[in-house]
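Colleague: These are the residues of each chain, in order.
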Amino acid sequence: MSSATPPASTGRYIIVADEDPAVVAFIIHTLRGDGHAVFHAYDVRSATELALALEHCDLVISNTRVIGSDGVSLVRDLRHKLPRLPIMYLANIGRSTPELEAQLPAGIPILREPFTAEQLRAAVTAVLDGRGPPRVASG
Amino acid sequence: MSRRPDPIPPVRSSIVPNARALILCVERDPHIRELEAYFLDQAGFVVHFVESGGQALELARSLKPSIVITEVLVPGLDGLALCRQLKATAETRAIPVVIFSVLAAQDRAREAGAEAFLRKPLAEHRLVQVVRELLAPSKPSAATGSP
Chain A
0 MSSATPPAST GRYIIVADED PAVVAFIIHT LRGDGHAVFH AYDVRSATEL ALALEHCDLV
60 ISNTRVIGSD GVSLVRDLRH KLPRLPIMYL ANIGRSTPEL EAQLPAGIPI LREPFTAEQL
120 RAAVTAVLDG RGPPRVASG
Chain B
0 MSRRPDPIPP VRSSIVPNAR ALILCVERDP HIRELEAYFL DQAGFVVHFV ESGGQALELA
60 RSLKPSIVIT EVLVPGLDGL ALCRQLKATA ETRAIPVVIF SVLAAQDRAR EAGAEAFLRK
120 PLAEHRLVQV VRELLAPSKP SAATGSP
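Protein chains in written order, with numbering that gives the first Met the number 0: chain A, 0 to 138; chain B, 0 to 146.
The set of hints was computed from the structure by calculation and includes no laboratory data.
Check the hints yourself; a few may be wrong.
[Said to hold, decoys possible] Okay, derived cross-link-like pairs now, SDA-like style, lysine to any residue, Cα gap no bigger than 25 angstroms in a straight line:
1. Lys119/B / Gly34/A
2. Lys119/B / Gln102/A
3. Lys119/B / Arg78/A
4. Lys119/B / Arg44/A
5. Lys119/B / Pro85/A
6. Lys80/A / Pro29/B
7. Lys80/A / Arg32/B
8. Lys63/B / Glu50/B
9. Lys119/B / Leu53/A
10. Lys86/B / Tyr37/B
11. Lys80/A / Lys119/B
12. Lys80/A / Leu102/B
13. Lys119/B / Gln84/B
14. Lys119/B / Leu81/A
15. Lys86/B / Arg109/B
16. Lys80/A / Asp28/B
17. Lys119/B / Glu54/A
18. Lys80/A / Ala103/B
19. Lys119/B / Ile107/A
20. Lys80/A / Leu121/B
21. Lys119/B / His55/A
22. Lys119/B / Leu84/A
23. Lys119/B / Glu48/A
24. Lys80/A / Arg27/B
25. Lys119/B / Asp76/A
26. Lys86/B / Arg27/B
27. Lys80/A / Arg118/B
28. Lys80/A / Pro120/B
29. Lys80/A / Val49/B
30. Lys80/A / Ala122/B
31. Lys119/B / Leu51/A
32. Lys119/B / Pro82/A
33. Lys80/A / Gln102/A
34. Lys80/A / Ile107/A
Because the structure is a prediction, the values reported are computed rather than measured.
Take the sequences, apply the hints, and build the full model.
Modeller: Below, the structure is given as structure tokens:
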């Protein structure tokens with residue numbers, strides 16, 4: 000193995016669970032542009048299976064709108080299956096309610112729609128700060 | 000399953016050693032396929048997916064991929080049998096095979112003639128490292144990557 004080869008990319012492993020293709024595209028574009036490996040799921044099962052398929056996942060971002068879930072249920076399920084996995088909740092402007100958010104596990108950060116790319120970056124960075132070193136695809 | 004195709008193409012690396020080498024992946028799990036496709040594409044490889052060992056054998060003969068990466072648990076011809084058949088045929092014997100499986104099949108992979116074994120879940124650095132090692136001029140034998 001040559002150690003002279005620079006890494007293909009650096010960043011973190013992030014999964015986005017959201018049923019709205021436009022929001023998914025915006026998040027993926029923003030975060031991949033920052034060097035993160037970002038994968039998406041439109042439904043609960045895919046989000047969970049993607050998180051389990053990766054040896055290491057740095058963050059799952061779950062919207063209120065996820066096929067097969069209200070988003071909060073997905074957050075709770077992931078917290079149960081992967082207790083150490085950081086999760087961020089995107090509060091949909093039309094569907095997220097205080098009653099629903101009250102069911103989130105303690106400590107889950109919330110980003111409210113609508114948000115800008117900068118607000119997204121700031122929220123993600125805040126969650127990722129304090130985590131381990133970024134991904135290195137090759138050494 | 001209600002997942003839809005990725006709306007955003009993967010970001011490509013500008014540094015692509017072994018650029019455009021073709022990797023034939025045999026995998027049924029759509030999530031693993033998505034991850035493999037992204038990581039290998041970003042590392043500069045062309046990836047072609049099939050879901051069965053039989054399809055892979057056929058394509059290996061016609062496409063002559065640089066590497067075959069296969070799960071053991073695929074329909075028809077399983078990954079280990081696929082590896083044995085590739086190694087038993089003169090025209091495909093030189094194609095390195097990576098067994099990438101949820102099973103602890105390292106010994107069986109070696110017995111089948113595979114050049115490397117990787118255990119799921121997927122770790123990007125191990126996957127890309129093994130592929131690059133196998134494509135390097137002096138290939139190591141039986142590289143392993145169990146977590």
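Colleague: Each hint: holds or not?
Modeller: Evaluated hints:
1. Lys119/B / Gly34/A: 24 angstroms, holds
2. Lys119/B / Gln102/A: 33 angstroms, violated
3. Lys119/B / Arg78/A: 21 angstroms, holds
4. Lys119/B / Arg44/A: 18 angstroms, holds
5. Lys119/B / Pro85/A: 21 angstroms, holds
6. Lys80/A / Pro29/B: 21 angstroms, holds
7. Lys80/A / Arg32/B: 22 angstroms, holds
8. Lys63/B / Glu50/B: 17 angstroms, holds
9. Lys119/B / Leu53/A: 8 angstroms, holds
10. Lys86/B / Tyr37/B: 28 angstroms, violated
11. Lys80/A / Lys119/B: 17 angstroms, holds
12. Lys80/A / Leu102/B: 21 angstroms, holds
13. Lys119/B / Gln84/B: Given pair Lys119/B, Gln84/B holds - Cα atoms ~23 angstroms apart, limit 25 angstroms.
14. Lys119/B / Leu81/A: 17 angstroms, holds
15. Lys86/B / Arg109/B: 12 angstroms, holds
16. Lys80/A / Asp28/B: 20 angstroms, holds
17. Lys119/B / Glu54/A: Holds, at roughly 7 angstroms.
18. Lys80/A / Ala103/B: 22 angstroms, holds
19. Lys119/B / Ile107/A: 28 angstroms, violated
20. Lys80/A / Leu121/B: 18 angstroms, holds
21. Lys119/B / His55/A: 11 angstroms, holds
22. Lys119/B / Leu84/A: 18 angstroms, holds
23. Lys119/B / Glu48/A: Distance ~13 angstroms between Lys119/B and Glu48/A Cα, so the pair holds.
24. Lys80/A / Arg27/B: 23 angstroms, holds
25. Lys119/B / Asp76/A: 22 angstroms, holds
26. Lys86/B / Arg27/B: 22 angstroms, holds
27. Lys80/A / Arg118/B: 20 angstroms, holds
28. Lys80/A / Pro120/B: 15 angstroms, holds
29. Lys80/A / Val49/B: Roughly 30 angstroms separates the two Cα atoms, so the pair is violated.
30. Lys80/A / Ala122/B: 19 angstroms, holds
31. Lys119/B / Leu51/A: Status holds; Cα separation ~10 angstroms.
32. Lys119/B / Pro82/A: Holds, because 20 angstroms separates the two Cα atoms, which is no more than 25 angstroms.
33. Lys80/A / Gln102/A: Holds, at about 17 angstroms.
34. Lys80/A / Ile107/A: At roughly 15 angstroms apart (the allowed maximum being 25 angstroms), Ile107/A and Lys80/A satisfy the hint.
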